[in-house]
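Participant: Generate the whole structure from the sequences, applying the supplied hints.
Order-wise, the sequence lines are chains V and E.
Using the numbering used here, read the first sequence as starting at 1 and increasing by one per residue.
Using the numbering used here, read the second sequence as starting at 1001 and increasing by one per residue.
Check each hint, because a few of them may be wrong.
[To be verified] Label-pair ranges, simulated between beta-carbon atoms:
| no. | chain 1 | residue 1 | chain 2 | residue 2 | range |
| --- | --- | --- | --- | --- | --- |
| 1 | E | 1216 | V | 215 | 21 to 29 Å |
| 2 | V | 15 | E | 1177 | 43 to 51 Å |
| 3 | E | 1248 | V | 139 | 19 to 27 Å |
[To be verified] In silico negatives: residues of chain E with every beta carbon more than 10 Å from chain V:
| no. | residue |
| --- | --- |
| 4 | 1022 |
| 5 | 1032 |
| 6 | 1034 |
| 7 | 1049 |
| 8 | 1051 |
| 9 | 1064 |
| 10 | 1068 |
| 11 | 1082 |
| 12 | 1084 |
| 13 | 1099 |
| 14 | 1123 |
| 15 | 1136 |
| 16 | 1147 |
| 17 | 1206 |
| 18 | 1210 |
| 19 | 1234 |
Calculated directly from the structure, the hints in this document are not laboratory data.
Using N, Cα and C, we set each Cβ at its ideal position, and we do this for glycine too.
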Amino acid sequence: MNQELLTDTFVDLADTMVADFDVIDFLHMLTDRSVQLFAASAAGVVLADPRGELRVAAASSEKAGLLELFQLQNDQGPCLECFRTGRPVTAADLADQAQRWPRFAHAALQAGFRTVEALPMRLRDQVIGALNLFRAEPGAFEPADLRIAQALADVATIGLLHERNVRRRDTVAEQLQAALNSRVVIEQAKGKLAERRGIDMDRAFTMLREYARNSNQHLTDVARDFVIRGTAEFPPPARRRPGS
Amino acid sequence: MPPRAEREVGGDDAGRVARVWGLVSAHAASRLGRASVADVCAAAATGVDVSGAWVTAGDGINPGQAMYATDVVGESLAEVQITLGEGPCHDAAVSGAPVLAANLADGSGNEWAVFAEAAVRAGAAAVFAFPLRIGAIRVGVLGLYRDKEGPLDTLRLGNALILADIATMLLLDAEARQADDPLFVAPPASQSPGLAAHHAEIAQATGMLTEQLGVGITEAFARLRAYAYVQDRRLSDIAHDIVTRRLRLEPDPPG
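Facilitator: Structure below.
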């Protein structure tokens, strides 16, 4: 465990939550840092939509194979189990889990993952989603790492449901829907930018995120403005030297 | 304490969306018409267990326009928010997130003192506002009211969200029909609105089409759906082909 990175992560999460922040950007920070801290190959956050699905809110990579793994878990898999029980779900080697989750285990192995962990995002008795960690090598995550990962998931839950005003309303549902729609706005913006610049979705996402950081705006606002007006002047992508 | 949401999420989305669509279609069939927002409002009474419903069309920037209400209470709740420029529907239209005011008389209407007073006088104890939107596409708000206070449970909240997805598609269809777009063919009801609203590749492909076709996001989505319908292929498959750059759509020829 990189102690310095861990300290930085909690400081950054706390800093973010003190200020007005973008929920999707915040959850992306969580997935990126989870990958670094726990030597994971990939990480993602799924949220429970009352329409009846678990939906990806953030993932450490936009690769299709990884996104499909979250989608698949609407039928079976650690996130669904974790969501239903409210408890962490571990599979130290997916090669042994063909009976438990036939389709999920197969797809995860295909995508290059051997180990999976799902940690609940809980608010009192309500489970709002899960933090999902993947590793390419077999072997369970360290118990000490999982305690820290759970703490990160708990902080993220609080951040996600962070209320700007104290109101007597059902803000959990309101905030979750706002987060899920933000994700759609960002996907639309990624598509527009990827097409305009001839770049892939991952790169488009990074550019949107950097633009939001550099201009001190919310990622969702940048994405919405770009989709509606299409005028954002993105800094040109870094030129690659021939042969590099 | 066991988690509450068991069996309410996961595994059955398609079936659930189909059931809610069934409610809307049944109302449309009973008046021998094409499904419209009126049927969504009628379906809300059974599927969400509310006293009444209304739909306001608008982009969240300009003041909206009342489209339909199930009763006079709904009508006045819609009108008063447009007139005052405040209230849960107004906030939902601007923010793009639902606003659930489960007890207007006791605190949850504090932000809109004038609206809350008018709403209670009209006979509403709770108002729930659902934006009609898919990402940056915004077409209006579905408003629901109850004459008794109290929150929507998870199941009813889910049904209300699905009804909002359906109303979004119906308003988008109506808009395209009104614009008399020769390329537009209204897709059949069987194209799951839940899927259309939440599939990442559909959203990405819609964004890509704004550039390929040189149109706004709302029209790009109409074109995507129309293309899938004409080709008789699933929206998600067409979106996948666009995102993987195996398919490009061409802009209209000039003239």
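Participant: Confirm or reject each hint.
Facilitator: Here's how the hints hold up against the structure:
no.: 1; hint: E:1216 <-> V:215: 21 to 29 Å; in the structure: holds, 23 Å
no.: 2; hint: V:15 <-> E:1177: 43 to 51 Å; in the structure: holds, 50 Å
no.: 3; hint: E:1248 <-> V:139: 19 to 27 Å; in the structure: violated, 45 Å
no.: 4; hint: 1022; in the structure: holds, 15 Å
no.: 5; hint: 1032; in the structure: holds, 29 Å
no.: 6; hint: 1034; in the structure: holds, 24 Å
no.: 7; hint: 1049; in the structure: holds, 15 Å
no.: 8; hint: 1051; in the structure: holds, 18 Å
no.: 9; hint: 1064; in the structure: holds, 17 Å
no.: 10; hint: 1068; in the structure: holds, 23 Å
no.: 11; hint: 1082; in the structure: holds, 22 Å
no.: 12; hint: 1084; in the structure: holds, 19 Å
no.: 13; hint: 1099; in the structure: violated, 7 Å
no.: 14; hint: 1123; in the structure: holds, 20 Å
no.: 15; hint: 1136; in the structure: violated, 4 Å
no.: 16; hint: 1147; in the structure: holds, 19 Å
no.: 17; hint: 1206; in the structure: violated, 6 Å
no.: 18; hint: 1210; in the structure: violated, 5 Å
no.: 19; hint: 1234; in the structure: holds, 15 Å
Of the hints listed earlier, those the structure fails to meet are numbers 3, 13, 15, 17, 18, in rising order.
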